[in-house]
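Student: Chains as they are written, first to last, in numbering that gives the first Met the number 0: chain Z, 0 to 224; chain A, 0 to 80; chain P, 0 to 80; chain G, 0 to 756.
Keep in mind the hints are simulated off the structure, nothing from the lab.
Just so it is clear, the structure is predicted and the values come from calculations on it, not from any experiment.
From the three backbone atoms N, C-alpha and C, an ideal C-beta is built for every residue, glycine too.
Be aware that a few hints might be false.
[What the hints assert, rightly or not] If you want the footprint, here are the derived chain P segments under chain A, 3+ residues with CB under 8 Å:
1) 29-40
2) 46-54
3) 59-67
[Said to hold, decoys possible] Partner residues aside, some chain A positions facing chain P, computed with beta carbon under 7 Å:
4) 34
5) 49
6) 51
7) 68
8) 69
9) 70
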Amino acid sequence: MALRIGVVTFPGSLDDRDAARAVRLAGGEAVALWHKDRTLSGVDAVVLPGGFSYGDYLRCGAISRFAPVMAAVVEGAQGGLPVLGICNGFQILCESGLLPGALTRNDSLHFVCRDQRLRIESVTTAWTSGYTAGQEIVVPLKNGEGGYVADQLALDELEAEGRIVARYLEVNPNGSRRDIAGISNAAGNVVGLMPHPEHAVEPLTGPTTDGLAFFTSVLTRLVRS
Amino acid sequence: MARVVVDVMLKPEILDPQGQAVQGALGRLGFDGVTSVRQGKQFVIDVDGPADETLRGRADEMASTLLANLVIEDYTVRVDD
Amino acid sequence: MARVVVDVMLKPEILDPQGQAVQGALGRLGFDGVTSVRQGKQFVIDVDGPADETLRGRADEMASTLLANLVIEDYTVRVDD
Amino acid sequence: MSVDTVKNATATPEAVQPYAELGLKPDEYARIREILGRRPTSSELAMYSVMWSEHCSYKSSKVHLRQFGEKVPVEAADVLLVGIGENAGVVDVGQGYAVTFKVESHNHPSYVEPYQGAATGVGGIVRDILTMGARPIAVMDPLRFGPADAPDTRRVLPGIVAGIGGYGNCLGLPNIGGELVFDPSYLGNPLVNALCVGVMRHEDIKLARAAGEGNLVVLFGAKTGGDGIGGVSVLASETFDAHGPSKRPSVQVGDPFTEKLLIECCLEIFAADLVVGIQDLGGAGISCATSELASAGTGGMHVTLDRVPLRDASLSPEEILMSESQERMCAIVEPVQLDRFLEICAKWDVTVTVIGEVTAGERLVIEWHGETIVDVPPRTVAHDGPVYERPYSRPTWQDALQADAPTPERLARPATADELRATLLRLVASPNLASKSWVTSQYDKYVQGNTVLAQPEDSGMVRIDEQTGLGIALATDGNGRFAKLDPYNGAKLALAEAYRNVAAGGAKPLAVTNCLNFGSPEDPDVMWQFAEAVRGLADGCLELGVPVTGGNVSFYNQTGETPILPTPVIGVLGVIDDVERRTPMGFGSEGEMILLVGATRDELAGSEWAHTVHGHLGGLPPEVDLGRERQLAEILVGGSRDGMLTAAHDVSDGGLAQTLVEMALRSGRGARVFLPEDLDPFVALFAESAGRAVVVVPRSEELRFTDMCVARYVPVARIGVVDGAGKGAVLDVQGLFSVALGDLEAAAEATLPALFS
Ligand SMILES: Nc1ncnc2c1ncn2[C@@H]1O[C@H](COP(=O)(O)OP(=O)(O)O)[C@@H](O)[C@H]1O
Ligand SMILES: [Mg+2]
């Protein structure tokens, strides 16, 4: 029986269908979770998809962070459940304290949608074990508030502990400190990523299929454990 | 060295989606009795020179020409030193 | 009926591209002597009941839990009636 | 003050009413009194004035638009499921799918408040599509601005682009294309047109009808506020003087988050089949929704206006009727279905209120706190508005304009190889031809994961069935300079280009939408341009066999007495059985053949070259032969279906030179190009003759492809070979000049950022 990966829909989530498609293409079963759910109905991993939850009106992720389902996600994450936050999902993970730092307005002050080259810096997380260290990939990036910030200490700690999952190459599209595109928690089960691997899973609709390995990684990891 | 503070708010008759979202969230977080929330912008501007009438005038000009969109927004200007 | 005003500002050490853009624009408009511009948010919240200590406490809680992200922002709370 | 009731109106026939301020002419006011047999109440006057405004009633254009219903191609019978008149036309694309699409203008609001004006323009067209029962799947944004370096262009363009992106991105709708054109005539009156396309199953089509006595009238979505009162409708019917609009109503602010919830809420309601009819609230708000639903329905309607949830409690009934608050819908629901309806609204946090019911009578009755304030025959408000036969005549200057052709004697042409090279680089960097990525990178083109082609491709293409690969393609075009030289053929040329752009991607063109942007209909010159453009579009659609499914007219686009270039923006929808077969625009692989399909003539009137290099506009636009366009499309679609093509790109603005540059930059590949001997190199490179495309085919397919062209008597010539990739690659026009891709890219990419960043 296929492994079950939950995809949470918050009011204003946009890439939830895309994330579910990516899960299916990777060989998993996508399970729709609703922001008001109080349990995760036994899924093996969770994706917090991109979008503009609650319009991103206050701060991206600031309101969704209080959704009932997040209590279950936080609890699960602390117990080792693999959680991937993409774009708005990354912002929610930071707001909810599962990941350090915050995401701020792009330094260009514009929303930017582009095919972004990244270097995968850490292959020890639940979501990146399918890549090789230092592998370069190209996936879509689309955000208005994707500038990752944290204080120097936190940044040094992330570097030292190898928790910087991916870095921007060629262009830093949003002013992120140290070109950070994604980070993980200390245990490596929780990953936040600004770019959109779920939009790079089919040759027909994506710039590449480089994003698929995020989803196959977690599935292989789960099979092994 | 003087400091100009400009508060910019949507005009009362204009829809404020951001304020609405915050009001909804406050309700769900159990802060009740909240009857209205409006979200505006605040600009804190440091300027060389004295906090005098001239500055007050220039500050007002900054607000009306650049900081506020008078089609949909009102503003208030404060000057302290 | 009391009114809570919460001002939220990026911490000084956090880059403020919006403030910088405004500063640049002010310069181009011929407003000189501007040494720094920071752009923040202002929330005007109307609440039933008196403007007392309890409200001040709750206002502070609203600000710290929801309105400001303490990782990058500072806030000030004012309560008037 | 007390409200003006029907009783009161009957009792005080002589009361003076401000009909003129509301934009009604004396004869129109007289007709309202005649219809009602008494003076209208102030609420009725408000309703009639907005619904009879140019924007809502099409009173000046109706007599011409009729042609779209009269000159109907036979093909219409097979493809049209819902025709003109509904919120948007619906087209059968096969496999049980229906597609609805429409383009609309939000020009004047975007000039007053660029960000919100453009944002609410997107919001409005999306609700039109949603109302048909469809899930919106993509948007496009044809834009026109004044000179790129004009201060007012700098004022409005960034805000308009941010508004379109801000709203569309937040709804999760990929932006798959549009236009960006600069011309002095748009300086005081930029054009913001927005297109939306949606998909549904045949059985899910919804109509704006109030049927079934006792059924409920349900208002849901945002609360009603004072914003945009008389907004679009009055404003869009008002000429701007040099100092901006003479009426400046409060602007509407968009709430894309609420609209996103409204979309998901509606789709769940449709899936549960809970509505008898539905109508979005756009211009003219509740006045429009209630009168149109009732007018198109079987009976009358009774509405209790004081039930409408308000954002501003102080609003008068007249204001509530006229308010153009965004993100609202109005549905007709059977009482037995109401609970389920309310449940779904609650799930999505959507405010919902029963405001009335369908009645047996023939009248729309609106009551306010127990008193009747409106009692009218709905048809007279919604459908039987005034119809004008505006006088029109061929402008006295038209002949002189057409006589002023860009002959070599009139306009100096580049002669030497160096001059040709310099001209190419200058055009590549000109605002109209330069890369649009500064704009398009602010739009999400990936969301929903079905975008197969998007800007800068010729058309936007979206997959609608993941199993079968069925997809649709869309392109919009409209060359105002051609239309000014000859509105009749200019409209045909716009249609031809959009049609060609759809075919270039491999999709079969099926149907047409349009947004006709013109000056004041009270100016006989403008009215002639309009009449000619409509006639040209109707004839063109007949010839190409693609029916017009709907559209929008925007008049009064002028600054003082000076109208904009007549700008018919034409959108063409195509279908492709399997998106795997799509044809991209970038050069294919090393060594593949580059062919030019179609004939090139010395046609430079209205061209980008004449515009950019000489600031000249005169002569006759390129000849348009729609029979040839049809054959070209068959070749492009057939070539894609039979897997002969690795690339195709239509030849239009900037001519062959620009087309080759765009193909090179898109693919990062160079080419060796040899121009046809029998043509002057300048003409070969920069003429804008219609009916042409550049294709790339593998050597093995070249003969098969050329045979297909020859069989249709369509000229085809090998003009080059794909050669070289990456930094070192060059576009080498043999015997003349060569340019490194790096230089082309620098020229193309630098322009817009330098102007607007
Ligand atoms: N405002 C815009 N929004 C989105 N896409 C745009 C816009 N302007 C231009 N584009 C895209 O840029 C590409 C080139 O534009 P254009 O030269 O008008 O194409 P064409 O000449 O084939 O009509 C097309 O894919 C078009 O859809
Ligand atoms: Mg094209």
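Student: None of the hints should be skipped; say for each whether it holds.
Tutor: To see whether the hints hold, each was checked on the structure:
no., hint, in the structure
1, 29-40, "holds (count 10)"
2, 46-54, "holds (count 3)"
3, 59-67, "holds (count 5)"
4, 34, "holds (5 Å)"
5, 49, "violated (11 Å)"
6, 51, "violated (13 Å)"
7, 68, "violated (13 Å)"
8, 69, "violated (16 Å)"
9, 70, "violated (18 Å)"
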